[in-house]
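Enquirer: Spelled out from the first residue to the last, the chains are:
Number of protein chains: 2
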Amino acid sequence: METHSTQQVRVLCARVSEHMGHLVTVHGWLHSIRHLGQLAFVNVRDRSGIVQCVLEGELAKTPLSLESVVSVTGSAAHAPKAPGGIEIHAASVRCISAAAPLPFEINKKTIGARLDTLLDHRVLSLRHPQLHATFRIQAALAGAFRDYLCQHDFTQIFTPKIVASGTEGGSNLFPVDYFGRQAYLAQSPQFYKQMMVGAGYERVFEIAPVYRAEEHHTSRHLNEYVSLDVEMGFIRSDEELMDMEQEMLRYMLEKVAAECEAELAFLGVDVQLPADITRIPVAEAQHILQRKYGKTSPKGDLDPEGERLICRHVAEDGKPAFVFITRYPREIRPMYAMPAPENGALTASFDLIYNGLEITTGGQRIHDYEELTASIRSRGLNPDHFAGYLDVFRYGMPPHGGFAIGLERLTSRLLGQPNVREASAFPRDRTRLTP
Amino acid sequence: METHSTQQVRVLCARVSEHMGHLVTVHGWLHSIRHLGQLAFVNVRDRSGIVQCVLEGELAKTPLSLESVVSVTGSAAHAPKAPGGIEIHAASVRCISAAAPLPFEINKKTIGARLDTLLDHRVLSLRHPQLHATFRIQAALAGAFRDYLCQHDFTQIFTPKIVASGTEGGSNLFPVDYFGRQAYLAQSPQFYKQMMVGAGYERVFEIAPVYRAEEHHTSRHLNEYVSLDVEMGFIRSDEELMDMEQEMLRYMLEKVAAECEAELAFLGVDVQLPADITRIPVAEAQHILQRKYGKTSPKGDLDPEGERLICRHVAEDGKPAFVFITRYPREIRPMYAMPAPENGALTASFDLIYNGLEITTGGQRIHDYEELTASIRSRGLNPDHFAGYLDVFRYGMPPHGGFAIGLERLTSRLLGQPNVREASAFPRDRTRLTP
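For the protein sequence lines, the chains are Y and E, in the order given.
Going by my numbering, the first sequence opens with residue 1, and the numbers climb by one from there.
Going by my numbering, the second sequence opens with residue 1001, and the numbers climb by one from there.
The following block holds chain Y by itself, in its conformation from the complex (with noise of 0.2 Å):
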């Protein structure tokens, strides 16, 4: 219960059924409004649900439009038809701020606007209850990551997004003038992290958004996401960052099955739990893909439909659509990735799909010194450009590696939301820089 200057103490929607027989006030936004003889029915909807108030006589005939902020007060009363079985029989209705009116109708099951529009007008798209449910996944999913974490030792890390070079050579780098000097925004915090590690902290993680000034404009790529970064020191393979990111991502499927229920149900979503997730080196994963489907995939890839479709394969044996793709070639990989024990033309790293899409991109990176500039010089690259990033191999790095994860793709990938558009409350691509 919240007090407010109405004098009456602020009852949350979903906990008047704690004041039966007693006079609350509700505080809201106007979900609809239904008119029936000498009464009116009126929803208002808060934070934590919508509630049923009957409006009689002249309080009937309050002018009130859909999306106003108002206050009502009343007595809560059984109501066996109502939605919850519960109504407030309103004594007083207040106007706190009056909406023009809609664009497109948000009290309807579904929304029938186009995806352009609902971006357009977010404030008012994210308040239909399927939309809105979204965002409160998403948050518990970056916090079931950082619980996650911390419970394992990690300390959370905030590095820079202004920085003087990519990682990866200089490509997709949104430019910025910084004092009247070229600077980038970060693609990744994969260099900090890295540092951090060789920092002695050992274990790291990162929630922050990160850039790549891709020119794509598919329903895969946003040109800002969040990015749920990991990093740790003292591993002997990427073996064990997969048995890691395979546990912490069972853990918070978990915890956002349990936190989310409402908002899951809402969605008809069934949280499938990954058990121990199939590993398929991606030169197996093509001849998979060639015998099964007759589909042809770029040299040491898989394209976006090769990721659906080992999604599919994996299915197929009655598993969760999950995937590691492992020991992708070198050529393919940044120059700091970990040479595979068993064959140097391969990497120790993967990528996990989920539900047909590339969620994650990981692996054991290189630690030694000597093995890092070597690596930088094969791609044509200057090791003075990384002198920053170069200067822990000099002072005693550990063996280590990580991954991150898409908060948007994972949220997407767990809802079936077509478009990843649809998990960014307001996406940054090739065209939209607004809202």
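Treat the hints with caution; some may be incorrect.
[What the hints assert, rightly or not] Partial list, computed: chain Y residues near chain E (C-beta under 7 Å):
#  : residue
1  : H27
2  : W29
3  : S68
4  : A100
5  : F158
6  : A183
7  : E202
8  : P209
9  : G388
10 : P398
11 : F426
12 : T434
Just so you know, the hints here were simulated from the structure itself, not pulled from any lab data.
The structure presented is a predicted model; accordingly, all values stated were derived computationally and were not measured.
Note that CB positions come from ideal geometry on N, CA and C, so glycine has one too.
Got chain Y sorted already, so can you dock chain E onto it with the hints?
Expert: For chain E alone, coordinates are given in the frame of chain Y:
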């Protein structure tokens, strides 16, 4: 315990005492080495602490350099003279990653190098236990912020940092080239957090970087910093926001005192909890400064010396050095600041000064569409440039307000650091863009 390729299970330094009389393996950085006749005393440091290892005979001659990553296996034994009363009698020592000669010593009680040198070699300087502690404490502060807000029904949000326009008319913005269009780095999530309140989440928070292209080069300014942002709907007044921030800070500092006991003790910091934080209108604060210290202030505001002196004033009353300064005049607050109910020339806004430095700006916001557009026009700004933001005020907006805490400033004030850069792992300032 963690398994490792050395076959032996890794034991953290702080856990060696649980294995007395048994063979243990520790992995970590070589903190110090001391030769004494046929013996070498080697301190190994990992994320949990430091343990002494004794090397005898041939083993004592192992060439080892400070800060190398090593693995030591031996039996855990009582040793009254060793730190913690424990040592490892080494049976084998392995160098995992050798360190080059260090640019400065990091195994003395205090670190001798200048701040710029420490920042240039950040990965190394952060290994010094004192500097290391700062970022554990910072992580605990951020974690406690989130925990408090989640317990009070707030939803974590993630909003874009690439924006089409500034929140306050266009000064101090870093320009970004966004696919050939002019964009900027967000100075604050101000508009977006208000929009998420209006999107029905009511209570939201964000932990994310913000950007200020201020030319200042002072001990108080960073050009990129982490903002702990809060915004809540259905408030009565700015008093409610101050009540809430005060309770939240008490929670955060209590939690950090409990979670980081060792780090705080190491830094000699005694955490002072805020009780009821004094609230002083800025005009009155100016009078106090004038009367008590002969200090003149700028119009409607306090300058840095004024912030220090007003803290001295409240601390003299035996209270911790927290003080809310309230009722700033409209002309020095942003266009969205709510006018004070008793005097329209003032605002229902506040700053929080902590140990001599402003760490928070907050206040109630205008929620009426007409009042807000009038306020925008009164600043000589064009409401059309704020269309996406203004949308929320057209479709029902509750009374609301919020505040933001600068994470680095909070950290540095708590720890008594003279320069806020000490509380940023990789600070960005007028001249510093690396590492």
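Enquirer: Against each hint, give a clear statement of whether it holds in the structure.
Expert: Checked hints:
no. : hint : verdict
1   : H27  : 5 Å, holds
2   : W29  : 5 Å, holds
3   : S68  : 5 Å, holds
4   : A100 : 5 Å, holds
5   : F158 : 5 Å, holds
6   : A183 : 6 Å, holds
7   : E202 : 4 Å, holds
8   : P209 : 5 Å, holds
9   : G388 : 3 Å, holds
10  : P398 : 5 Å, holds
11  : F426 : 5 Å, holds
12  : T434 : 5 Å, holds
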